[in-house]
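Q: Start from chain A and add chains B, C and D according to the hints.
There are 4 protein chains.
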Amino acid sequence: MNRELFAAGERLVSPAYVRQGCEARRSHEHLMRLLLEKGKCPEDGWDESTLELFLHELAIMDSNNFLGNCGVGEREGRVASALVARRHYRFIHGIGRSGDISAVQPKAAGSSLLNKITNSLVLDIIKLAGVPTVTSCFVVPMATGMSLTLCFLTLRHRRPKAKYIIWPRIDQKSCFKSMITAGFEPVVIENILEGDELRTDLKAVEAKVQELGPDHVLCVHSTTSCFAPRVPDRLEELAVICANYGIPHIVNNAYGVQSSKCMHLIQQGARVGRVDAFVQSLDKNFMVPVGGAIIAGFNDSFIQEISKMYPGRASASPSLDVLITLLSLGSNGYKKLLKERKEMFSYLSNQLKKLSEAYNERLLHTPHNPISLAMTLKTLDKHCSKAVTQLGSMLFTRQVSGARVVPLGSMQTVSGYTFRGFMSHTNNYPCAYLNAASAIGMKTQDVDLFIKRLDKCLKTVRKEQNKESDVSGVDNNDKTEDVDIEEMALKLDTVRLDTCQDSS
Amino acid sequence: MNRELFAAGERLVSPAYVRQGCEARRSHEHLMRLLLEKGKCPEDGWDESTLELFLHELAIMDSNNFLGNCGVGEREGRVASALVARRHYRFIHGIGRSGDISAVQPKAAGSSLLNKITNSLVLDIIKLAGVPTVTSCFVVPMATGMSLTLCFLTLRHRRPKAKYIIWPRIDQKSCFKSMITAGFEPVVIENILEGDELRTDLKAVEAKVQELGPDHVLCVHSTTSCFAPRVPDRLEELAVICANYGIPHIVNNAYGVQSSKCMHLIQQGARVGRVDAFVQSLDKNFMVPVGGAIIAGFNDSFIQEISKMYPGRASASPSLDVLITLLSLGSNGYKKLLKERKEMFSYLSNQLKKLSEAYNERLLHTPHNPISLAMTLKTLDKHCSKAVTQLGSMLFTRQVSGARVVPLGSMQTVSGYTFRGFMSHTNNYPCAYLNAASAIGMKTQDVDLFIKRLDKCLKTVRKEQNKESDVSGVDNNDKTEDVDIEEMALKLDTVRLDTCQDSS
Amino acid sequence: MNRELFAAGERLVSPAYVRQGCEARRSHEHLMRLLLEKGKCPEDGWDESTLELFLHELAIMDSNNFLGNCGVGEREGRVASALVARRHYRFIHGIGRSGDISAVQPKAAGSSLLNKITNSLVLDIIKLAGVPTVTSCFVVPMATGMSLTLCFLTLRHRRPKAKYIIWPRIDQKSCFKSMITAGFEPVVIENILEGDELRTDLKAVEAKVQELGPDHVLCVHSTTSCFAPRVPDRLEELAVICANYGIPHIVNNAYGVQSSKCMHLIQQGARVGRVDAFVQSLDKNFMVPVGGAIIAGFNDSFIQEISKMYPGRASASPSLDVLITLLSLGSNGYKKLLKERKEMFSYLSNQLKKLSEAYNERLLHTPHNPISLAMTLKTLDKHCSKAVTQLGSMLFTRQVSGARVVPLGSMQTVSGYTFRGFMSHTNNYPCAYLNAASAIGMKTQDVDLFIKRLDKCLKTVRKEQNKESDVSGVDNNDKTEDVDIEEMALKLDTVRLDTCQDSS
Amino acid sequence: MNRELFAAGERLVSPAYVRQGCEARRSHEHLMRLLLEKGKCPEDGWDESTLELFLHELAIMDSNNFLGNCGVGEREGRVASALVARRHYRFIHGIGRSGDISAVQPKAAGSSLLNKITNSLVLDIIKLAGVPTVTSCFVVPMATGMSLTLCFLTLRHRRPKAKYIIWPRIDQKSCFKSMITAGFEPVVIENILEGDELRTDLKAVEAKVQELGPDHVLCVHSTTSCFAPRVPDRLEELAVICANYGIPHIVNNAYGVQSSKCMHLIQQGARVGRVDAFVQSLDKNFMVPVGGAIIAGFNDSFIQEISKMYPGRASASPSLDVLITLLSLGSNGYKKLLKERKEMFSYLSNQLKKLSEAYNERLLHTPHNPISLAMTLKTLDKHCSKAVTQLGSMLFTRQVSGARVVPLGSMQTVSGYTFRGFMSHTNNYPCAYLNAASAIGMKTQDVDLFIKRLDKCLKTVRKEQNKESDVSGVDNNDKTEDVDIEEMALKLDTVRLDTCQDSS
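Chains as they are written, first to last, in UniProt numbering: chain A, 1 to 504; chain B, 1 to 504; chain C, 1 to 504; chain D, 1 to 504.
Chain A extracted, bound-state conformation:
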């Protein structure tokens, strides 16, 4: 309400009360002004009332919400369903323009502001999370894999001779596919086993660069966050190699914003060597729905080049989600979540250690992995290789989600490339194991329920094994198939464990 409106209100109720209401409005406006002027995440989260007022204010700046608008174009932001309009807070025009996903739209000043502010907030949070020298970033409404593809496609124009991407192995399909989709040939660098950890083979990387010739290498594509016993790549050293050979360096930081260690690696890489862009998932780091990523970097013009590579407008939905989330949390709320995650990691680690020892297993020693843990499943695997997947299945049907069992010797072909020991990031890891991670938003209750259910499942599996049962009825060729543990587990759930006899 503006002055005139308050004046009109004063004629209806007491001016003194209206004046208080007017003051109250100013305190909301003060928060909005700070946001627009500083472009930083507020320390304390906004309450819903301020947040919705802000979104409403932005939305009415878009032409589809003009009371007197008449539209004679082919895209006028008309919405057929009131439910749909409402769930998007009446932001209909998306973000960006034909030329650039970060560009301002004449028809949609509100959506444009939303987009600018979101990118600004996200940049602020990345700094706060451990990469203080980041200079530029933008939210893109595609998940991590496709965002990596976009980075590679952008680099193509800079490096016309390049055909290869050097990629320290990580067994996650969309990472691999991001390179294939972009039309490049991934050069897989196998990891080295150091203690229990799988780490980057720096010598092999450098040797490969020399072998292929730097000009034929589009970039090095490294990874931070990953499943144990793999640990984040040796980013500093890779960044140095890239700098030395003039090769771009793209980092897949999928769920690494939540870990100060991952962020520190990127910061260090950029300091001592070369990091051209790092890509992170919105949903995995900011607790929003799947579908967005942040592309960030240390060189404005390169990041802008990527944003200009996206042809056409794009969904504002992921930006809106992360904007709402960050304004609700405030930077203090986000820091609190980071802190709690760290604590949960210790807690999960301790609980899993205890449990594994009770079953003559052990927690793999992977100190460089700040998020994911792995517990051996040797005793299970010894008796019957099916028992491992059986355990996965049991956990899944007991509503434990996200736990991964990794049997030995899976083989999988992804886009024509065959991986031995798929899911374990190496051809031959010494033993089968189970993964669990402490991701942002995890609660003590999650850990406790998990440990309790895992205990129960392990007990059941052991009991079955002691019956010296037989598995001859089960097709062991599964191992060489395209393994999807969750799916396989479900198939197996009806196979009784007493069929495990042959492997005893």
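Simulated from the structure, these hints should not be mistaken for laboratory data. Check the hints yourself; a few may be wrong.
Because identical chains share one entry, a pair is satisfied inside a single copy or across any pair of copies.
[Unchecked claim] 20 Å max Cα-Cα, derived EDC-like pairs, lysine to aspartate or glutamate:
{"id": "1", "residue 1": "K163", "residue 2": "E185"}
{"id": "2", "residue 1": "K161", "residue 2": "E305"}
{"id": "3", "residue 1": "K161", "residue 2": "E185"}
{"id": "4", "residue 1": "K443", "residue 2": "D47"}
A: Showing chains B, C and D alone in chain A's frame:
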């Protein structure tokens, strides 16, 4: 509620009334069952109550909504903000898996169903809209340009030698960029002027194929919906050329679903020749927010190949929007919108004809363009070239959105390629003109307001011109810059028309 | 957003676009200002965007939404559930104060404005609907019956000797109970049969006034809207009697706002005689949920006296509903609803006439009743008295709601007073009949479905009757019980009609 | 979804996943079934997903939501505004019927269930909160005052000779008006000063009963929760007197549910003597919007008699609010709130004690009041009587809500009855004071902010006083006016304190 619940209810209120409530529930369930079993758009739209019940039922099948779930993975569908959860109806896991955007997610049966049903409904609507032999399609949470890029990237793997895309010129940046981003070289085929219409130069296309060699051509990239005086490409003939030379054919059907003529062209192309995929915008055809597209085709395995090319999960938001919209409208509601659009096109056409004649201008004769119209601005342009952009500016500030003025002789460089006469789809169109379109959802009121405001603006501009004013102060080099009419118009809005003298 | 905010926005996106957004905001504000200044219902309905912005603006003026508020009282507008806060748009403090339901609350300037504006809009609508000289009204969060009670309780203080309320009979329980609850003795004036219509017995009213002595009569309590064949009371004449004897006159105008005839009666009554207050339902006239009424009158101080009689604060929910509804509809929207209702009445009347004649029944001739119609059920009743209630039951279970069958000779005791011929407004109406009404919001589809289903049911009942069936098994004492047709109907639904033999 | 629907789903996505979804649904249903069967508040709160599903399930049982309904009555639950329908979760028919606010509605099985369940939950909570032998209660959509009126109106029919209500004085207008509105004469029993506390004068009560004659006394109307230094009435003794003389006893337990002490008094009263009904506010005890109350008692038939006294249907809105709130909180959540309130009371008490001593004031010793506290304002009052109201004003404008300053000697006339020392519950309390309360939902932050602001205000007032200022310009007649502290305070806010000189 199930039987047990109704029984419990009967103890509290009269069994007869509860029985009626139970019957009432069954009528909602009946609609849902039909949808799940047939996968077709219901004829009559659902009311909000059924729709929300359905979404709720799906959402509780996702693991993030399980009451007893414990999550120990890196992506558990946790949501920090209740506002965000609510606006997504608690669908958090997105769609697809690492391997395939159409794949089923073990953690999210509800989201997976949502995805399958949406694709099925959309397919049904495409058939109904004029392409009855389409066999496969999927919604992708990227706008048209990026979706075209994905198609080109998929074709790359099938045609390793190809470097070129043959593209009958259409002056819309993201179409052009979709090819650049995919890493191909667009081969621009200039249009032929037939009467007032700009049409496909078939001979030039065929000549180019022969010149480059079919194997070096990734595909022909044609367009249906476009701004007059360009008209949809001669799809049948292009499809025949493609078939003859074994070249794939990708059609940009951006906002063509709303026009039976555009759809018929695709159907005919596929019947007599080759159409590999056609891509359409969700927002422009279905009145949903910007951010999604449909990739459709006549060959299941190719469409599936494209869907497998998308690396990783993706936002469910555009799918959810179109699902809500189609279920609300029903196929009858959608047909009604199509019918109304057609009527609005006639109405707009008549009104614009009358107005143009009143100003000694004329409506260009473009019978092959079923959506967009163009009215000459000869008399304006004659006096002062600035007057044309000035008109655009005036319309914009008067809340006419979507009207486009096209001055003569604009030059624009897009990704290194320079287009003469940019925006007019040809190097030298005979005159400046103004575009207006009749898009889905347009109302009589839009047309009336537009005509009224346009009339006013033309009157004003004329009056100013009669003052024989001078424009020497304005920098005429604008013409060679990167022209964005809306932006330029705004810049010019403060430039007084009395500066137009020199061109008189 | 205020100037400062827009200025901040201009630094992020183009000032020209922000300026347009700013202009757009002003057009929303303009509507709000008009409302606050004039206090009239806008002619054209507001769109949701303006409406929600307005509610949001009001809500942030309430202390429970102040960002820096600290509350140390016993009622601070705290809300435990976010769902609840949201559904009330964060208006928590209700309306009124201990002293007066129309009073302004210091803690809640926004809620107070909401209350004032709602009452003002409602007054405007009452004028428009046919009572132009009304001077004062307020929304009270109680349904019609309790609101009448409040009027009677207020009158008690003015007329300490009064014990009786003169009440031309209308068979609707809550009207009767409103007097009992207030502690008065209703003096029932039986209606006179004129043609098919049941009309006010004016002589009996006057005779009763003389008999009891005017001072012992609290008021005359008349009724407009009612079920045919009763028709609205002769309000003019009653108003004159009241004026002559100095007796207050309270009109139950339950669903009469929707009928210009009912409203005209009130206007005329006030013009020629005395109408102290007239009470109308919110839900029945404004298509909002049950729970509110409007108390209106021609004398500010009396209406204010009633509003001061309500002890304590009250729910703002009904006021909010009617505010949202009227702002959405605009006066034009409401007038359109009134017009459509009238048309539906003609349509229903014609259809019912045709149907009744097809079954040798007839539509009762009740030209003074503008809302409700009645069709005889003579032929049914002739065979078997149960058949009438059986018909009611069949309609109910076929999802025809609101149709009422009125058998002969029902007896009912309400609060100790026994009514013969209950439901028919008279001791002995000549025949059984069925009621149907054309209420605001009714659609052609309702009428068509009703006629179709009624036809089917009549057919079935006839067929059963022709089997000369026997009803001896059914307890005929039902007639003397507390009759609730819908309930009875359901009980009977399982009784087969072939038990109707005895009445044949 | 029922079995058929799940089966249809299984054909679209993997049966194993659908099976999990189906299991997940059962866990929601399990909660609903428990609720319907036991009618008790669940221990743990439901999540929003279950809650909304439940409300949705109920709503579709109402005829206005039947897909095939046709309505030909005068009230069909049609809603003009989608916003309104949505905010009521599509419950439109309200609760109750003409005969009884607790009755089941044939047209609205869902709303009827909602009503029954709500009353059942609320009964459970009252037991848990300290009145285990309560047998019956219902939610009524009127605030406490009007609900008390309804109780009195009901008693009238039982006690035709009664004219008086005996009422130990409590200075809260709506309590007093509740009796006036019902048409009875309040007999005010002045309180006795015991130490700092104001307590019930039992002898005066009994003497008054004897003087008036028990048959002429409608009831004793006592109060639990109140502002210090008044404390809850001596309920046990009053209940015994009522039992002895055969007089009904109605307890105003406005915000007493939140205090185990208040609840215990009621329980004891009912055990040793007579308590006919006790009435409590919904908003003050359950953190919902203003507008509802609970009428509860120990005798089913009397409580039912009250519910039958309400003429007509009523708003379901307050019932819906409290249902949502209790299901969200669970009994554990509510208990937690009660516990926190108690802790806050101690905290507030300590902080206020410290502060008062710092200013040479003291916290009144009122151990029997479990909610409200009072701190003397002797030193302020000594200098200038205006200073006390000035303090109130300062607090109000500094967004301290709910703090009440009570000056000496206010006089107020309510409905013709003049109260000396109004607001202080007695004619001459020894000193002016300030009230603060610890109500449910209060946070440490509220206390801290309050103490800080109060400190500041006291400092300012002192400073001003030390200037030995003059107040001669201010009209001291204010004291005898209708005092509303908040209003008065605001008026005074512009009066500078340096006008206080005369009182020095």
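Q: Could you figure out if K443 and D47 sit no more than 20 Å apart (CA to CA) within one copy, between two copies, both or neither?
A: between (23 Å within a copy, 16 Å between copies)
Q: State whether the alpha carbon distance between K163 and E185 is at most 20 Å within one copy, between copies, both, or neither.
A: Both, since 6 Å and 17 Å are each at most 20 Å.
Q: Given a CA cutoff of 20 Å, do K161 and E185 count as a within-copy pair, a between-copy pair, both, or neither?
A: both (13 Å within a copy, 15 Å between copies)
Q: Under a CA distance limit of 20 Å, which applies to K161 and E305: within one copy, between copies, both, or neither?
A: within (19 Å within a copy, 27 Å between copies)
Every hint from the earlier list agrees with this structure, and none is contradicted.
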